[in-house]
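Protein chains in written order, with my numbering: chain V, 1 to 490; chain F, 1001 to 1514.
Rather than coming from a laboratory, the hints here were simulated on the basis of the structure. Mixed in with the good hints, there may be bad ones.
[What the hints assert, rightly or not] Which stretches of chain V does chain F cover? Using the computed rule of at least three CB atoms under 8 Å from a CB of chain F, they are:
#1 198 to 208
#2 268 to 277
#3 301 to 311
[Claimed, not checked] Take a look, some chain V residues computed to stay more than 12 Å from chain F by CB distance:
#4 D52
#5 R61
#6 R175
#7 D353
#8 E485
[Said to hold, decoys possible] Short, incomplete list of chain V residues facing chain F, as computed with Cβ under 7 Å:
#9 A28
#10 A50
#11 M350
#12 A355
Since this is a predicted model, take the numbers as computed values, not measurements. Cβ atoms here follow ideal geometry from the backbone N, Cα and C, with glycine treated the same way.
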Amino acid sequence: MSKALRGQIVVVGSGAGGATTACSLAQAGFDVVVLEEGMRHPIESYGCNATDGMRRFYRNRGMTPIVGGVPIGYVEGCCLGGSTEVNCGFWHRVPPEVALRWRAQYDLQDCEPDDLEPHFCWAEEQTSVSPHPEPLPASTQVFARGIEAMGWRYQQVPRTARGCIGDNTCASGCRSGAKQSMARTLIPAAEAAGARFLTGCKATMLLRRGSRVTGVLAEVTHEDGSSSLARIDAEHVFVCAGPTQTPSLLRRSGIKFHVGDTLRIHPMLKVAARFDEPLDSQSSVLPLLQVKEFWPDLSIGGAFYSSGHLAMLLSDNWPETSQAMNDAKSIGAWYVAVKGNGKGSVRPSMTGDGAPMIRYELSNEDLRHLSQGLARLATLLLAAGAREVFPSVHGIPTIRSKLDAIRWLDDLLPRGAVSLTTVHAFSSCPIGERNDRCAADSFGRVHGFEGLYINDASILPDSPGVNPQGTVMALARRNALHFAETMRNG
Amino acid sequence: MRYQLRALIPRLSRESKPGKMRPPMASRSSTGVGIRRITILVGFAVSALFLLLAGWRIDWTGVWAAYAHARWWPFVPLAMGCYILGHVIRGVRCRVLVRNDARISTLTASNIVVVGYAVNNLLPARLGEFARAGMLAERTGMPFAQSLTITFLERLLDGIVMVGLLVVAPLIIPVHGWVLQSVRVAVPVFGAALFVVLLCAVAPYQVVALCSRLTAGIPSVHDRLVRLVSQITQGLSSLRSLRSVASVLALSVMVWLAEAGLFLFILPCFNLAASYPQSVVVMAATNLGILVPSSPGFIGPFHYFCMRALGTFGVAEATAFSYAVAVHLAFYAPVTLWGVVAMAWYGVELGTVAAMQRAGRSLAELPSGAHPMRLITPLVRTSHEPRPTRLMRAVCEALLPAEGPSGSREAIVDRVSAFVAGQTEALPGLLRWALRVGLTGFAALTFLRYGRPFPSLSLERRRKIVASWAWGRLGLARQLFRALRSTALLAWYEDPDVVAAQNDPGHVLGGPDV
Ligand SMILES: Cc1cc2nc3c(=O)[nH]c(=O)nc-3n(C[C@H](O)[C@H](O)[C@H](O)COP(=O)(O)OP(=O)(O)OC[C@H]3O[C@@H](n4cnc5c(N)ncnc54)[C@H](O)[C@@H]3O)c2cc1C
């Protein structure tokens, strides 16, 4: 192996981007150390109830709201494997028209469908992407009934969960181990190739000498629970701390060029619907279909469900809707997600521990699409036989007729009344050759710096309009291989 | 010299039985010793100079006469009692300042403070501050620099209170001459120090980042500086909570109001009218004066400034000098005695201090294989589950369904409010503050409206109030309650008892009667 290949690499974060980077580089022969802020949890501790899960697997215990005119609930993982431990594993490739847009608007090189094909194939193989086995759960069946009644295009979305037994524990780690999260797949593979994962190790700052990044400053938790501030030297640092933490870490370290200025999200509005028949949503996998008829403006799909989550969803109009809790077994949850073309930003706070302040201003277009999405989803669910639809909008406790529903095709939902959430954030450090809008080049090398790369959801140039994990992994793989190739060629 | 990683992190003795400090062996630098000798000599010279200034042209017969007619009983014991009380309050303040990192009892904290004072009384060059910081480090397991920062912070708080007292005093009694001028000098000095301290306390990451960036090119300097600055910012962490700031400020004022008793009760010994505001001014001026480096026990500057301050109230020089000597003795003797006893009890060896300071300087390799990782400093972290306040519990109870699994509602409400407290504490800084301010506003408004604190209202009334905020017309009120209502309801319906009851077909759980 050449001398350069033995160079030391620090990867910050072990989620979809970080684990892919670490595994690819370790397998290519590099000496890789991964710093992960969260802890390594044994599989026995997976699948706990929502409250324990929030404490164990989520950043800030799941309390990381996005502020703005309309506050948006946002969560992300903070554990070995990152958000892939708590996500639902829905898998999409980046739509070809989106990749072309990235080429046209960001001058993103080597990103056409053919270029990405091998990387998607690799990622899909690693995570065993496959459709859910038959029979589909009741909540999916009523959803299909509604979509067919409306005559809309839809697809069953494949997942990274081959052999899913549908015990509905996605949001607090898959107890059965069926979900092929990073802790089950790429992290063991990276370790087998020699990468070392330091958990409970939070990178607080990047160290640099002029424009050369030389390592990181990190808070390290020791086995006995004590912690220390440590300096970790490296020849190359890959920051893969996720869409909110990567820009925050970069900016804390004085790296600000197009960093954290362009956060994008998929804002989601959730609804619950009560049927006459039991759906048993709390003990089965969430609805597996997505309506594609209105893509790219909006997507409609199934949301995670437990009685706690249902209570949260109903809590906007609790005095009127709480009785529905008695019928929890006949209720399911769905969402309307929009592409999101509002403006967002991430800034580390000047005070305290420098935790990021995440902002997003919902655009009028977002709100219009959300309103129309509510009209369509409610119509669909009523067509499927729902007796009542409960949107998470204050002042609209129930929709009982299609006439009530279609009102929102024309009217705008009141801004101050909608309760929005999201689990998809990206584009806070876009990549591409356009210096006027990108933080890093097409392969994640941060503009103006030596030895510094970014390789996670923050690099997507803008909203992909689909669940992002697949795209994050394919781009991360592509960038890591490009790096290895560049090093090999000196 | 390089130490093992473990050796760098003193055992967290935290209220373990008192033991000896065992300083690591360290070599002495000859320059350090030289500088210390010069400091000591200068200190003694300053003391001599101030004694000379104090005794210059004094009417010694007047001094003897003042002593001959002095009445000591019961004033001296009262004066000493006040001074000792001041030290106990200092102990409480020290406890509050280290609360984020360690738990110590008030007795231990007071002993630590007093050891510092005693060493200052016995040794030159304010070595007492180092002794106090060293003992604090040993008792709490905190790094030395962090303890020294806390000691510095205590000093700064003292200075700020004294300057504050001197600023307020002219509103109550006439204050003249140099005392007022000294305030003009002290205000900007303490103001600047306060600014730096607050900056380190509220923006620790920014300060560490700045130091790191400035020295990134010189790794050895970088690590030492980052280490020092991190420990300093950790030492100031108690200032990040408004409640702690308020309590340490209040305690600091109490310290000095108690200590003014020392100056007050010696006045009648010399047939001087006992005026509390006057004693406060004399005390503040004297204590600002003894910031001048001098011999052990502040002999010289103490007498000079005390006497001159009393002089501004028209007291004759001879009487003022006699008064200063008496106050100094009451100030010196009891605390030195207490400090020596405490040192003997804890086994503090004078001279360990510098060694401890040096011990903290070395860096260690982190035992993590071949990767170059260097430990810069241990971080002291205490993780504890936040406990819900009474208000939080009362709000949660009012948000939850009236019906609960039979017999266990109270216990579930406890668990739910503990969960909500943990969740709201986990919110990012600014939002956490906004929620706290909002809840305080909510509590204040309901108090004004109903004349009783919210938690004392009946559950029925609370439910009505909470419903009108959480689901009312006012968007801001709804936003305030959004996090609370959704986390409370989530925790309720995820609670094992509620889940079990839900699975029981006969049980009805939904439906609040709001
Ligand atoms: C509940 C939920 C459901 C989702 N469902 C889907 C889905 O079905 N399909 C889909 O495609 N996508 C889904 N997503 C989104 C998807 O999981 C993310 O887009 C993807 O994981 C992003 O990868 P990442 O590497 O950028 O960040 P992450 O996977 O979040 O990983 C970032 C890692 O970096 C660590 N880190 C952060 N800061 C530091 C630091 N300073 N030092 C050290 N470590 C640090 C974090 O702890 C974390 O482990 C979901 C997300 C969530 C939260």
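Hints, one by one, checked against the model:
1. 198 to 208: Our answer is that it holds, as 5 residues pass the Cβ test (under 8 Å) against chain F, meeting three.
2. 268 to 277: violated (count 0)
3. 301 to 311: Our answer is that it holds, as 6 residues pass the Cβ test (under 8 Å) against chain F, meeting three.
4. D52: 9 Å, violated
5. R61: Violated: least Cβ distance 4 Å, not greater than 12 Å.
6. R175: Non-interface label stands for R175/V: nearest chain F Cβ at 16 Å, farther than 12 Å.
7. D353: 6 Å, violated
8. E485: About 24 Å separates E485/V from the closest Cβ of chain F, which puts it past 12 Å; holds.
9. A28: 18 Å, violated
10. A50: 5 Å, holds
11. M350: The hint holds - M350/V has a Cβ within 7 Å of chain F, the shortest such distance being about 5 Å.
12. A355: Check passed: Cβ of A355/V comes within 5 Å of chain F, closer than 7 Å.
Violated hints, listed in ascending order, are 2, 4, 5, 7, 9; each of the other numbered hints is respected by the structure.
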